[in-house]
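**Student:** Each protein sequence line maps, in turn, to chains E, X and V.
Each residue of the first sequence is one higher than the one before, starting from 1 at the first, in the numbering used here.
Each residue of the second sequence is one higher than the one before, starting from 1 at the first, in the numbering used here.
Each residue of the third sequence is one higher than the one before, starting from 1 at the first, in the numbering used here.
Keep in mind the hints are simulated off the structure, nothing from the lab.
Quick reminder that beta carbons are idealized off the backbone N, C-alpha and C, glycines included.
Be aware that one or more of the hints could be misleading.
Said to hold, decoys possible - Straight line, CA to CA, 35 Å or less: simulated DSBU-like cross-link-like pairs of lysine-lysine: (1) V:91 / V:35; (2) X:260 / E:75; (3) V:11 / X:85; (4) X:19 / X:346; (5) V:35 / V:11; (6) V:35 / X:337; (7) V:333 / V:347; (8) X:260 / E:238; (9) X:291 / E:37.
To be verified - Which bits of chain X does chain E cover? Going by a derived footprint, with three or more residues having C-beta under 8 Å, they are: (10) 15-25; (11) 393-402.
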Amino acid sequence: MHVVGIDAGSNSVKIVLIDEEGRVFFQIVRTGSNSVKAARELLDKVLIDANLADCWPSYIVSTGYGRNYIDFSNKSVTEISCHAKGVRHVIPEVRTLIDIGGQDNKVIYLDAEGNVQDFLMNDKCAAGTGRFLEVIAEALNLSLEQMGEESLKALGEVSISSTCTVFAESEVVSHVARGEKLADIVAGIHRSIVRRVLGMAQRRSIIVPLVVTGGVGKNRGVIQMIQNELGFEVMVPKEPQITGALGAALIASEQVITI
Amino acid sequence: MASDTKKIKKGRVLQASNKAPQILKDYWEKLHKAKSEGKKIAWVSGNAPAELLWAFDVLPAYPENYAAVLAAAKLSGELCNIAEKEGFSRDLCSYARTNLGIVFGEKSSLKDLPFGGLPEPDILVTTRIPCLTQVKWWEVIRDRYQIPMFSLDAPFSTTVETSQSGLEYVYEQILDLIHFLEDFTGRKLEEEVFSETMRLSDKGSGLWNEIMDLRANIPCPVGSREMCGNVFPLVSCLGTQVPVDFYTDLRDELRDRVDKGLGAIENEQVRLMLDNIPYWHHLSLLSDVEKHGAVFVFETYLRYVWGGRINLQDPYRSYAEKVFTEVWLNSGLDLRKSMLRENVKKYAIDGVVFLSNRSCKRFSLWQLELKAFLEKELDIPSILIEGDMADPGGYSQEQATTRMEAFLEMIKKKKEKTKELRGIAKI
Amino acid sequence: MVAITQEIEEKKRSLIQYYENPQVTAEAWKAKGGKVVGYLCSYVPEEILLAAGILPVRILGHLDDISVASSYFQPFVCRLIRSTLEKGLTKNLAYLNGLIISYTCDGMRMLYDTWVANVNTEFNYLLDLPSSLDRMPNLRYFQRIIKDFIASVEAYTGRAIKEEDLRSAISIYNRYRRLAKEFYYLHFSQDLPLSSADFLKINLAAFVAPKDKFTDELEAYLGLFKAWRNSGAASQRPKMTPVHISGSVVVDPVFFELVEKVGGYVISDDLCTGTRYFWDEVEEEGDPIQALAHRYLSRVTCPSKYPAENRSSFLLDRIRESGARGVIILGEKFCDPHLFEIPSVRKRIEALGVSSLCLETELVATGREQLVTRLEAFVDILKRKEGIK
């Protein structure tokens, strides 16, 4: 009896499988233009990984932007509940959770029992999300990992004033043309993201432990900057991108137990 | 009755609700007919003393109400564009932009608007009671049509003391408005017509309040989306027999449902309160929750904006009282907190949804305070959903729906925990 | 010549420092036993405060980031309101004994309750002014509000305001108004050794300095300019394209620098923090309370009032008078009263044969690069038109 959680974002699809022995398998793929197709194909991959090819899962929970389009899932749950569940499983004492996703940011405040007490979502524009970093990384000809490493070399910081991703990109290009240090530019970009994210998160008091998830969680420069701003340690799970799918899979396993 | 259920529009539970669209259509026809017969038409803002106009044989038309109709019909976006081309900022109230799109638009393109559009005004009556925007918006209309305009002013209703002086001020202006209308029409106020209009207005408002009260029942007999459609006669035809008849039927049908224990949905698990003007272009946001066992049982927009009881012994003064009492948009923060507290209890509310409507500062700016108040003092969870009442731009229906669903998940989890705790306590 | 220039520089520094260090002025006033009360709208009758021994300090907002205030107010309200709330919440207005907020507009009115609930001072006052000023009940209510205000100020200070103190305060303010007007006209000539940015700072300084002291200094300063002119000194700068700015509150000196950078010169205005503030005097004959009510009622109106007729004629008069070639309309973001009137204001300006540029601003600032591009393109158009003439 194995269960599956599918996080169908508009940027990427993440799938987590938990098998009978409680082992966790996961896969991530770019969504492309057809999230259902991408999810279906990715599911096959994960099943093969887990040696469960042709063995349909007992229960599938879908979450994320495309959750209601995954017609082969049994239930859809919002990413708020799923991220909270997933992170709690990995870091049980978590009280505040910031997910810097590909397309949006979420801040989830948990009570001492791990229940969602309140949440915030920015959904107006890409500035301050993973997409923002991608656009800039492309403009600078760096991979996302390289962005992180690069910023740690910075001695100064170039201030990026545009709050719009597109305008920020032109700002970055002009800074490069003026011969500013790459590390300083990237640090400035990271500052932009951190400012936006913390601007939202600090609308309520942040109770520790604070966990950051999402692809941007792999960017050491951003994490370091958040820690410096807040003055306390920020925890990042080993696989920060799959916490939503993990939560979905955990919810799936609960459904199976109740059956 | 059972055979009549076939006639009920999809997503509605009441047969009486079927009549609402026709009422609106009939009223508009009446307006156009009156205009063609040379009668005077007034463009009136919400909360302005429309009943007085009937007593001068001037018919009130509501650009604001019409903007909501246009938004629900998905026509407001285009009209807002026309207003922007004319130079009106996108940060201005979308009701105003929608209406100004008509005022400044090509006459030929307006023929296809619902109900044949709004007949042009001969006179303007507005008020600062809901907001200052109403006054500045009306001033633009006045400049365009070059017709007389009256603006009824008032301070916010806060404590009993400030209410007294504010009330006197409004009362004096009501008397002044009568002079103004006498000058405009060249006739005197017809006392009998006025008395009758006030009586009917009070009756309609009384029925409306009864209807609101009936929704406090568990289960709630009718949901939000349906009632948002049913409020339109209260807005546009207040003071006539029409809303009295309509709401009598509505109330009777609701009483019947309550007696039979019939809810808007079969398995009512979560009772929600709505604050602010609905996003007219996304009304399913209010009804989709019903798929998840939740129902909106109370809306500040329905209870504390329209109608209002009148003391018929002293109609002029109590008229001033009506526009100064229990009007959410003209109430100070403390008053709103107490109204919130009262209704959270009365309606057994599990959670509050604040529509953070960027077009309406008067509704929206204290929502963050009220959210904190609900949490700290009443342990009631709430969320804010950003959007705009008549402008669909920059708004994602998916995002709003996701937030709503996440909120419901949160509340259900909370209720489960409470039940668990209660269960443990019982042992 | 050199001596005069040096003295001009020193006097200018002395005037500007009021604007740069409002807290210093406030502390000095309090040290002498007086109270310092902030206010947010030019409809607040400052003379009454001064007559009661209170220093009125106008809160002008700032261009810094707003973070804490976002937990209280959503962003769709003007920067003046948000930055005032921000300053209050971060204890940066703690030097004030009180704050007077008027019911000028919706955002302002709602700020009052939020302020009282979360910041608070020993004297929070809501000046509940009417928005309509065209009918008798409005005028009566206005006068009543003024009387209530006087009573409340007296209750706060614990003593009655004497008539002679009120007359004296009125006289001080009128003197300031006359000098401010003179200063305004003086700088039309573009030949003063004073940048537009500094001109702005001096005018903003007037809002936070004690009026009589400031007026004395300003008078001496203007005296120096006249002496400098009489000495035959001519400005090194070439005459630039004069523009008029129309709007609400402007606190951004860099904006003026940018206008000059592209060859323009801000010659005239009808700003809330400019001519609309000091233009109309109070009648010094007869009953001072009546005179005050009359002055504040009939002064050049703000767009937040209805009707706004005398405002547009004031605007056009200022443009004609200064010979401005173009008008920059500063559309303050989320300021409904100003934004509603912009299309009709533009039409009236066009009818005069004057070009206009509309900018979305937040006490100005916003997007430097784009601002420079727009200003440059506008001034180029104006220069071209001038050339054709």
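**Student:** Would you mind marking each hint as holding or not holding in the structure?
**Tutor:** Hints, one by one, checked against the model:
At most 35 Å may separate the alpha-carbon atoms for a hinted pair to count; residue 91 of chain V and residue 35 of chain V meet this at roughly 18 Å. With a C-alpha separation of about 33 Å, the suggested pair residue 260 of chain X and residue 75 of chain E falls inside the 35 Å cut-off, and the hint holds. A C-alpha spacing of about 48 Å is found between residue 11 of chain V and residue 85 of chain X, which places the hinted pair above 35 Å, so the restraint is violated. For a cut-off of 35 Å, the pair hint linking residue 19 of chain X to residue 346 of chain X stands: about 29 Å separates their Cα positions.
Restraint check for residue 35 of chain V and residue 11 of chain V: satisfied, since their Cα atoms lie roughly 27 Å apart, inside the 35 Å limit. Proximity of residue 35 of chain V to residue 337 of chain X is assessed by CA-CA distance (about 33 Å); at most 35 Å being required, the pair is judged to hold. Restraint check for residue 333 of chain V and residue 347 of chain V: the C-alpha separation of about 20 Å stays at or below 35 Å, so the hint holds. For a cut-off of 35 Å, the pair hint linking residue 260 of chain X to residue 238 of chain E is broken: about 56 Å separates their Cα positions.
Note on residue 291 of chain X and residue 37 of chain E: the hinted pairing holds, with a Cα-Cα distance of about 27 Å set against a maximum of 35 Å. Only residues whose beta carbon comes within less than 8 Å of a beta carbon in chain E count, and the stretch 15-25 of chain X has 0; fewer than three means the coverage is violated. Coverage of the stretch 393-402 of chain X by chain E holds in this model, with 5 residues showing a Cβ closer than 8 Å to a Cβ of that chain against a need of three.
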